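Numbering-wise (the working numbering), the sequence shown opens with residue 1 and increments by one.
Source of the hints: derived by calculation from the structure; they are not laboratory data. No experiment lies behind these values; they were computed from the predicted model shown. Do not rely on the hints blindly, as some may be mistaken.
Stated by the list, open to error - Okay, derived cross-link-like pairs now, DSS-like style, lysine-lysine, Cα gap no bigger than 30 Å in a straight line:
hint, residue 1, residue 2
1, Lys167, Lys217
2, Lys8, Lys34
3, Lys70, Lys8
4, Lys118, Lys203
5, Lys148, Lys118
6, Lys162, Lys217
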Amino acid sequence: MSVLSASKGAVSFILIVVNTLLCFIPVMVLALFKCVLPFASVRAFLNVILDNIATFWIGVNNVNQRVLGKSVLHVSGENDFVLKDWYMITANHQSWVDILVLQRLFNRRIPFIKFFLKRELIWVPFIGLAWWALEFPFMKRYSSALLKKRPELKGKDIEVTKRACDKFQYFPVSIMNFLEGTRFTPEKHDQQSGQYKHLLMPKAGGLSFALNAMDGKLHQLIDVTIVYPEGVPNFFDYLCGKVPEIKVHLRVMSIENSLLGDYQNDADYRAYFQQWVNELWQQKDQQFECLLHAELKNIEH
1 MSVLSASKGA VSFILIVVNT LLCFIPVMVL ALFKCVLPFA SVRAFLNVIL DNIATFWIGV
61 NNVNQRVLGK SVLHVSGEND FVLKDWYMIT ANHQSWVDIL VLQRLFNRRI PFIKFFLKRE
121 LIWVPFIGLA WWALEFPFMK RYSSALLKKR PELKGKDIEV TKRACDKFQY FPVSIMNFLE
181 GTRFTPEKHD QQSGQYKHLL MPKAGGLSFA LNAMDGKLHQ LIDVTIVYPE GVPNFFDYLC
241 GKVPEIKVHL RVMSIENSLL GDYQNDADYR AYFQQWVNEL WQQKDQQFEC LLHAELKNIE
301 H
């Protein structure tokens, strides 16, 4: 790596850290206000401010990436999004860079993207409070072993998470779900059946859980296929400007009522949903192959 590239990466990283600290302080202050003033009207007002702070943070990081990283996103597919709708986002997962790409794609185009988090993460010092303040939904999951011992807990995880998502009934939100559950590596791919050439097996249960926790409020699913033509980069490679181009395809589909159901207890629904996810992933694998070999002139900028 050249000295110039390393210097650009270091400057970019420092700017991200400074931007994060400057935004983190007001988020913490507002989070404390939410703790001591738990009135619905106050929380709603503070939520708007908090989401705007997070959106500003992403916007500054995006400028940083464009100026120093200079990676060009070649985007194809659907691009007609609105800020006043509810979205579920799925994407293949290869690198931490994926999250930065998603933020570049969607910031100020759809509602601020949030992730379902394990309930235990709320206790992470400072960060857990920030996630809580930003209304990231914390989910409660019970293991199969525990459910066998205590069958009365069946369905309680969905109830708890639905209550956590009740606030999203009143303002639009985007929820992110990496269906593979982990980052793609050749080693992980070799350990699986090889059903997909470029992807790991999707975990349908997690997506079903998220959709049902939102109780039909999510209207559209945005399926994002991300390809790095020159190889999957790490975070610092991206900051150093060693990723000249990234290809992305966006596909939007309606979330029909047939995609909602009891994944744990309804065998017919579970089989239907798994088949739907597998077909989605098969199409995604083919799209990945097309993007990998597509000429740039055929990609929308």
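Hint check results:
Distance hint between Lys167 and Lys217 is fulfilled; the C-alpha atoms sit about 11 Å from each other, no more than 30 Å. For the given pair, Lys8 sits about 39 Å from Lys34 by alpha-carbon distance, which is inconsistent with the 30 Å threshold. A hinted pair counts as satisfied when its Cα atoms are at most 30 Å apart, and Lys70 with Lys8 qualifies at roughly 11 Å. Between the alpha carbons of Lys118 and Lys203 the distance comes to roughly 16 Å, so the proposed pair stays at or under 30 Å and holds.
At most 30 Å may separate the alpha-carbon atoms for a hinted pair to count; Lys148 and Lys118 meet this at roughly 21 Å. Between Lys162 and Lys217, the direct Cα distance comes to roughly 11 Å. Compliance with the 30 Å bound is thereby established for this hinted pair.
In this structure, only the earlier hint numbered 2 is contradicted, and the remaining ones agree with it.
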